[in-house]
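Peer 1: Numbering (full-length UniProt numbering), first residue to last: 1 to 590.
Incorrect hints may appear among the rest.
For lysine-lysine, the following DSS-like pairs were computed, each having C-alpha atoms within a straight-line distance of at most 25 Å [said to hold, decoys possible]:
id, residue 1, residue 2
1, Lys365, Lys315
2, Lys208, Lys529
3, Lys47, Lys96
4, Lys529, Lys540
5, Lys487, Lys535
6, Lys88, Lys114
7, Lys21, Lys315
8, Lys403, Lys487
9, Lys487, Lys382
Honestly, the hints are just simulated from the structure, not real lab data.
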Amino acid sequence: MTAWPTTPPTPSRPPGYSLQKIAFAVVIHPDGRLHQISDLRDHSGKKAVPIQRLLPGQAKPSGSGLNPCFLWDNSAYLLGHVAPRQAKESIDKYRKRAVRTQESFAAFRERHLKLEEEIDDPAFSAICRFLEEWACECSDDHPLLGEISSGFGLFQLLGETRYLHEYPAIRAWWQRQDEVGPLDAAGSICLVTGQPSPIASIHEPKIKGVGGAQSSGALLVSFNCDAFTSYDKSQSHNAPVSEAATFRYATALNGLLSGPHSHRHRFSLGDTTIAFWTGETTVAEGWLSAMFSGDLNSNEAQDAATLQQIEVLLKALRSGGDELRALGDDPATPIYLLGLAPNAARLSVRFWHTDTLGHLFDRLKAHYEALRIVPQFEAGSKRPDPEFPPSWRLLRETARESKDIPPLLAGALMRAILEGTPYPDSLAGAVIRRIRADRTINFYRAAVLKAWLTRLNCTQGGIPVSLDTERTDPAYRLGRLFAVLEKTQEDALPGINATIRERFYSAASATPSMVFPRLLRTYQHHLAKLVSGAKVNREKLVQEIVDGLDTMPPHLNLEAQALFAIGYYHQRKALFGGNKAQDMTTDDKE
1 MTAWPTTPPT
11 PSRPPGYSLQ
21 KIAFAVVIHP
31 DGRLHQISDL
41 RDHSGKKAVP
51 IQRLLPGQAK
61 PSGSGLNPCF
71 LWDNSAYLLG
81 HVAPRQAKES
91 IDKYRKRAVR
101 TQESFAAFRE
111 RHLKLEEEID
121 DPAFSAICRF
131 LEEWACECSD
141 DHPLLGEISS
151 GFGLFQLLGE
161 TRYLHEYPAI
171 RAWWQRQDEV
181 GPLDAAGSIC
191 LVTGQPSPIA
201 SIHEPKIKGV
211 GGAQSSGALL
221 VSFNCDAFTS
231 YDKSQSHNAP
241 VSEAATFRYA
251 TALNGLLSGP
261 HSHRHRFSLG
271 DTTIAFWTGE
281 TTVAEGWLSA
291 MFSGDLNSNE
301 AQDAATLQQI
311 EVLLKALRSG
321 GDELRALGDD
331 PATPIYLLGL
341 APNAARLSVR
351 FWHTDTLGHL
361 FDRLKAHYEA
371 LRIVPQFEAG
381 SKRPDPEFPP
391 SWRLLRETAR
401 ESKDIPPLLA
411 GALMRAILEG
421 TPYPDSLAGA
431 VIRRIRADRT
441 INFYRAAVLK
451 AWLTRLNCTQ
461 GGIPVSLDTE
471 RTDPAYRLGR
481 LFAVLEKTQE
491 DALPGINATI
501 RERFYSAASA
511 TPSMVFPRLL
521 RTYQHHLAKL
531 VSGAKVNREK
541 LVQEIVDGLD
551 TMPPHLNLEA
561 QALFAIGYYH
571 QRKALFGGNK
581 AQDMTTDDKE
């Protein structure tokens, strides 16, 4: 069975409890008489805010039904307090709200009175006496209730520092309810543990920290429409998971995704948020998020120890997972990666991957090797192209704006990286569409196309990192030829606003036989304007490329268009020799 994170990123909470925002306490005498209503809010800032306390039960359930909590709730349930009528609130609506408040208090009182004999604790009996004698209209005598706009209340006995739900007898009773709750009528076999257990109707606490999901949290398992249910099962009983397992996975995920150290256990890729953890504590685990995000930079290391760790990780990316031993990490340590994407109030699983730490780095090494191509902007330039391009940057090249990145592409890309399988055709197709739209071939786009072709094994000898003058693929040579024709135009007409790339790249890369004859005729006019030495060298280069072309293909498929783009990129880089890398394309649109 998959291991939970060994070092929880957030303090552990017992099953059946949740953190809630508490604003006030109802302080009572042992005989049930009210002493006072105390303000528990934090007043250290400009505005008083509720404090957080661990309370029995989960988040306050929503819906139109009456749903009192155990020993805590809002002022309507706890005291029958009706908030003052608002200026724009109609009398009829206010009256309905007042009736609803009375019903809420009655439900709260009834729930606790029924439990008095079973719990059998003097402190709990004091609460029951209070609820029996309390008159809801008396809440108007306490102005604090009118000031509190958010937060819940709880109970406290006069002279005690602890709250009522913290008493040992009451805690023990609550724990028993969590352990021996009623079994589900349909067998109650938990899908996670395989054991008969109380099944969670609603999976709580909600999962927070997933980009694009509701800030209040989202559910991984949720059934709220009859069309999704079967065999007369309701809600999450259609995917039965025990309450204990639900609490454990939800708490662990919240720690990874939204805990104080979540930056070390999560990263984003497109619309997908990826959480990860290892089977035991490792040094590499703390750097994985920075590594996947492209923030692993030894130049920014603050101390020698950090610099050494980064250098080892970079070496592992170049040479493989065995290098992790230099950090004291065992390459055989299990690692787990979970990709989640938002869908309204729910979450969908983009991918689930288990591996060892060493094998993961082996996969990453293969991924970066597939991407490796001569950089457009070399070391020493203002913004050099990275040795290890981050995956989010590759995805960014598939759409004009980040919000337009195809939603399933992030998961498909990560699966290809983690499993060493071919990259999705949709990735290459999206990049080629962007090239045709803005006629720009930059380092990232060329790297994506090279990696895609490399994994496809569709060409003999693999895809070269830099210019290969011996390569005879028609598409590659046509891409080279297009780059030379464009450079000749630029040399003949300095400062030209638009080159043949802006007008003809899309057609030349798809239907070369329709375009290149015209381009070659225009090329002769441009060639005539060059000085004699440059003219001879340029003509030799064009002749060398054309001599390797047996035919002029009428159409190029997706693979050939990718090879065309790589040939163009390689030849442009060779023509400029790295002196003015910014001239490889007249712009760098995204």
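Peer 1: Taking each numbered hint in turn, which are not upheld by the structure, reported in ascending numerical order?
Peer 2: Going through the list in order, the structure violates hints 2, 3, 6, 7, 8 and respects the others.
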